[in-house]
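Colleague: Let's have the full structure, built from the sequences with the hints guiding it.
Here the protein sequences line up with chains B and U, keeping their order.
For the first sequence, the residue numbers in the numbering used here are 5 to 272.
For the second sequence, the residue numbers in the numbering used here are 22 to 640.
In case anyone wonders, no lab produced these hints; they're calculated from the structure.
C-beta atoms are modelled at their ideal positions from N, C-alpha and C, and glycine is treated no differently.
Among the hints, erroneous ones may be present.
The calculated lysine to aspartate or glutamate pairs, modelled on EDC-like cross-linking and capped at a C-alpha distance of 16 Å, are [said to hold, decoys possible]:
1) U:Lys113 to B:Glu217
2) U:Lys113 to U:Asp135
3) U:Lys113 to B:Glu223
4) U:Lys113 to B:Glu155
Simulated coverage check for chain U against chain B, where a stretch passes if three residues somewhere in it have a Cβ under 8 Å from a Cβ of chain B [said to hold, decoys possible]:
5) 230-242
6) 553-564
Here are the simulated distance ranges between beta carbons [claimed, not checked]:
7) U:Arg243 to B:Asp189: 47 to 57 Å
8) B:Leu188 to U:Gln456: 18 to 28 Å
9) U:Glu443 to B:Val35: 49 to 59 Å
10) B:Val35 to U:Leu444: 42 to 52 Å
11) U:Asp79 to B:Pro77: 42 to 52 Å
12) U:Gly512 to B:Ser144: 37 to 47 Å
13) U:Arg193 to B:Gln190: 16 to 26 Å
14) U:Asn104 to B:Pro145: 47 to 57 Å
15) U:Asn104 to B:Ala163: 24 to 34 Å
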Amino acid sequence: MAFTPIAMGQYVPLKSPVHQLDPRAKLFLLVAVLFAVFPSNDFPSLALCTLALFGTVKLARLPGGMLVRSCRPVLFLALFTFVFNLLAGWGGGGFSALLHALGTAFLAVNRLLLLVFWAVLLPLTTAPLELADGMEALLSPFRRFGFPAHECAMMMSVALRFIPLLTEEADRIVKAQVSRGARLDQGNLVQRAIAFFPVLIPLFVIIFRRAEELALAMEARGYRGGVGRTRRSPLVWKKSDTGATIFVMLAICAFALFRMFVLHGATP
Amino acid sequence: METESVGVQTQGGRARSPGPPETPGVALSGCQGEAKHTGRMPESDPAILLRGVDFSYDGGNRVLKKISLEVAGGERVFILGRNGSGKSTLVKILGALQSPSQGACFICGIDASDAAVHGKVSVVFQNPESQIVGAVVEDDVAFAPENQGLPSPEIEKRVSWALEKVGLLHKRSALSSALSGGEKQRLALAGALAAGSVCLILDEPVAMLDSEGRVEVENVLRDIHASGTTIVQVTHRLEDVFEADRVLVLSRGMWAWQGRGEDFWDVAESLGFELPPLVVLGRRLSRKGVPLSLCHRSSQTFAQNVVHAILDSLSPPGQGGVDEPPRSPRSSEREEAADAGPPPSPFFEVRRLHYSFNVSTPLETKVLSDVSCIVPAGTWLSVLGRTGSGKSTLIQHLNGICRIQSGEILIGGQALPQSGSELRDLRRRVGLVFQSPEVQLFSPTVREELAFAPKNWGCPEEEIDARVERALESVGLDMGYLERNPLLLSGGERRLVAIASILSADPGCLVLDEPTAGLDASFRKRIKELLQGLRRAGKTVVTVTHDLDMALEHSDRLLVLDRGVRMCEGSIRATLPALLEMEASMLPEILQVSGMLWRHGVKAPLTWNVEELCRGLGL
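Modeller: Pasting the structure below:
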């Protein structure tokens with residue numbers, strides 16, 4: 005069990021300023037950062053965002069390799085994006101067109117990876133139940149409209165907790181079917197999709213069974229939804245959380261102003 | 022009479038508080054306040070009371086028939102029964118997770134339909150994976166007290182207390198997914214204790230664990246029981262009866278027998294149970310007039326007592342205690358066959374195999390180092406070792422699922438192919454059955470499931486039916502199963518179908534990872550017979566197993582791995598002394614006894630077989 009490769013977005017229990025930040029602050033700031041990264045499509049902006057990412061990863065004491073590893077499934081998508089952008093941009097033109105296309109493709113991939121890495125930092129540095137608490141707190145204003153905030157947050161956290169388990173099961177089923185001669189890597193798209201049924205069906209059976217067992221186990225431990233539930237460590241908003249939030253928001257504003265005035269030459 | 026003895030015992034236990042620690046100054050609300058004091062509930066109120074419980078899922082078929090049960094506080098009760106006897110339903114009713122169709126269930130005097138019982142009774146299920154809610158250990162333990170709406174400081178206290186009780190305090194901020202099986206079950210027990218429960222209902226809590234995990238959990242349970250908690254445990258393992266205050270046998274939804282643990286052995290055979298070998302030995306000794314009581318708190322202490330009894334009975338000088346080097350463990354026909362004449366050509370030859378996960382990263386973990394072994398054609402090799410010793414990785418090399426990183430493997434004298442059509446051909450020749458293979462089934466009928474592999478290997482259409490039928494026959498299922506849905510079969514039948522789905526490709530060698538894990542005695546027996554049959558038919562068999570009884574009784578050779586390193590390899594006879602170096606609790610009881618006698622220099626064969634040991638001791 006200790007040998008299993010890290011699954012995507014699996015929590016890494018460490019002690020760091022990023023880990024200790026209130027999950028509400030982290031959720032809020034993540035959304036703000038994603039809004040800042042999304043429109044960036046030039047070298048200086050993306051370079052700044054990348055620097056900020058490195059800074060945050062360093063602050064979170066995460067080994068860089070672990071971050072990359074936990075995003076491995078996305079790396080293929082990134083490669084695909086790169087090749088696609090390169091070919092589409094180049095269009096068989098001359099050397100300068102190729103150079104230009106190379107630049108565009110690089111920026112596109114850089115932005116995609118930045119979005120993914122930033123997003124994955126959240127589950128990597130926040131325990132699922134804590135994340136659920138944060139989400140529940142942020143969603144609770146919508147409760148008055150009948151939105152099941154607690155249930156949604158609990159579902160999220162249970163799903164996160166099951167990711168490593170299902171990764172392991174999926175890996176074993178793939179190996180088992182390959183051992184029975186299943187060819188998962190040949191033929192056209194339709195053939196491949198059909199070839200995947202022997203993996204998908206058992207996986208769904210497992211998920212349903214697990215869900216049923218877990219529901220029973222939760223009931224056995226007295227879970228009756230969010231009503232009347234207390235917390236072992238209720239979320240406490242600290243001064244440092246206010247400080248960190250203000251700091252990051254100011255940085256994002258500065259970044260936006262920098263983009264608006266320096267890069268795009270807007271005059272006040 | 023019975024209640025009296027129980028009462029004495031519980032009082033001793035209650036010197037320590039069975040519930041979570043008292044926390045003066047913390048106001049408790051409602052039922053939790055009561056839960057803390059239930060440890061001192063009046064003796065007259067039984068911990069569990071079932072009265073005439075009937076249950077049926079569909080209104081017609083009665084799963085439980087007029088079941089009554091009274092368990093006193095602090096009692097430890099075991100419920101034995103086969104698959105389909107209604108045990109799981111009974112567990113749900115006892116755990117207040119299901120209301121009986123008729124009759125009543127009271128926990129500590131509270132009706133089970135009242136939500137307040139969840140602070141008094143907790144259930145721990147078989148599968149450690151699917152009862153953990155929190156990704157971090159302490160979050161998970163806190164789940165039940167959080168549901169009860171306790172104040173945070175009280176929850177924190179209960180979490181620390183419960184984790185300490187199961188010996189996991191040092192792992193409180195670890196990821197629950199990184200725990201071993203035994204640790205996960207201990208975590209589940211901590212979750213139940215933190216709920217403040219005074220009754221634990223356990224549904225085969227060690228069935229899915231390796232022997233190490235089993236011993237861990239059993240020790241924790243003993244400790245929990247000693248501090249006054251009532252435990253009702255459903256089990257397959259007859260050895261558990263040693264720990265019981267009382268045993269009940271459930272059959273077709275009714276009690277077939279109930280009585281004290283030590284009385285159970287007299288009726289076990291008439292109830293259709295096979296006596297554990299250690300009990301057989303104990304009874305032969307008693308019959309010979311060696312004083313020996315069957316009343317013991319664990320099979321371990323019983324084994325020690327048996328050894329002492331034998332040593333004492335041999336004590337007159339000249340009888341035993343000879344210091345000549347012990348020799349001649351069991352020699353059976355199959356071993357003589359293996360030793361006589363030129364050795365058969367090896368099917369597999371593994372040479373200096375190394376393997377690591379996450380190569381060239383900071384997380385690099387060595388799994389196998391310098392492992393070598395030989396599997397002669399037509400023999401059965403058992404690979405033994407603890408969880409994490411690299412057994413599964415080793416056998417996944419044999420059909421090329423794991424690529425060789427360093428070292429070499431020869432199959433029939435040729436290098437094991439690593440790519441291309443030769444690799445596919447290898448996978449046809451070497452069938453690999455994964456752990457709990459029943460989860461890989463996906464077809465609507467057994468026929469299609471069994472046809473999957475031969476179709477993939479390009480077997481001609483007209484041959485497939487014959488192969489499917491042959492495979493089904495070889496696992497001992499009749500042709501009626503062909504059109505049934507594999508997902509609707511029982512767990513044991515599903516495993517047989519999964520094995521048949523590999524056999525239908527007609528591999529020359531079958532490699533199985535834990536083929537008997539999680540099965541009851543009757544299916545374990547069927548799997549053993551199946552593998553023996555394959556070996557007789559000239560196939561090579563490799564099994565990874567924790568089932569030492571099966572390995573010793575049926576296989577030809579052993580390979581023991583410890584943390585990726587080969588501890589010993591060879592015929593059973595040659596490896597037996599090395600096996601004794603393993604932790605005693607992991608060995609079959611008879612081998613423990615015979616090993617201890619051997620060490621004392623008693624002239625008795627070193628064996629795992631009770632008949633042979635008895636013969637050697639003249640019983």
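Colleague: State for each hint whether it applies.
Modeller: To see whether the hints hold, each was checked on the structure:
no.: 1; hint: U:Lys113 to B:Glu217; result: 12 Å, holds
no.: 2; hint: U:Lys113 to U:Asp135; result: 15 Å, holds
no.: 3; hint: U:Lys113 to B:Glu223; result: 11 Å, holds
no.: 4; hint: U:Lys113 to B:Glu155; result: 24 Å, violated
no.: 5; hint: 230-242; result: violated (count 0)
no.: 6; hint: 553-564; result: violated (count 0)
no.: 7; hint: U:Arg243 to B:Asp189: 47 to 57 Å; result: 51 Å, holds
no.: 8; hint: B:Leu188 to U:Gln456: 18 to 28 Å; result: 20 Å, holds
no.: 9; hint: U:Glu443 to B:Val35: 49 to 59 Å; result: 53 Å, holds
no.: 10; hint: B:Val35 to U:Leu444: 42 to 52 Å; result: 48 Å, holds
no.: 11; hint: U:Asp79 to B:Pro77: 42 to 52 Å; result: 44 Å, holds
no.: 12; hint: U:Gly512 to B:Ser144: 37 to 47 Å; result: 43 Å, holds
no.: 13; hint: U:Arg193 to B:Gln190: 16 to 26 Å; result: 48 Å, violated
no.: 14; hint: U:Asn104 to B:Pro145: 47 to 57 Å; result: 51 Å, holds
no.: 15; hint: U:Asn104 to B:Ala163: 24 to 34 Å; result: 32 Å, holds
When each numbered hint is compared with the structure, violations occur for hints 4, 5, 6 and 13.
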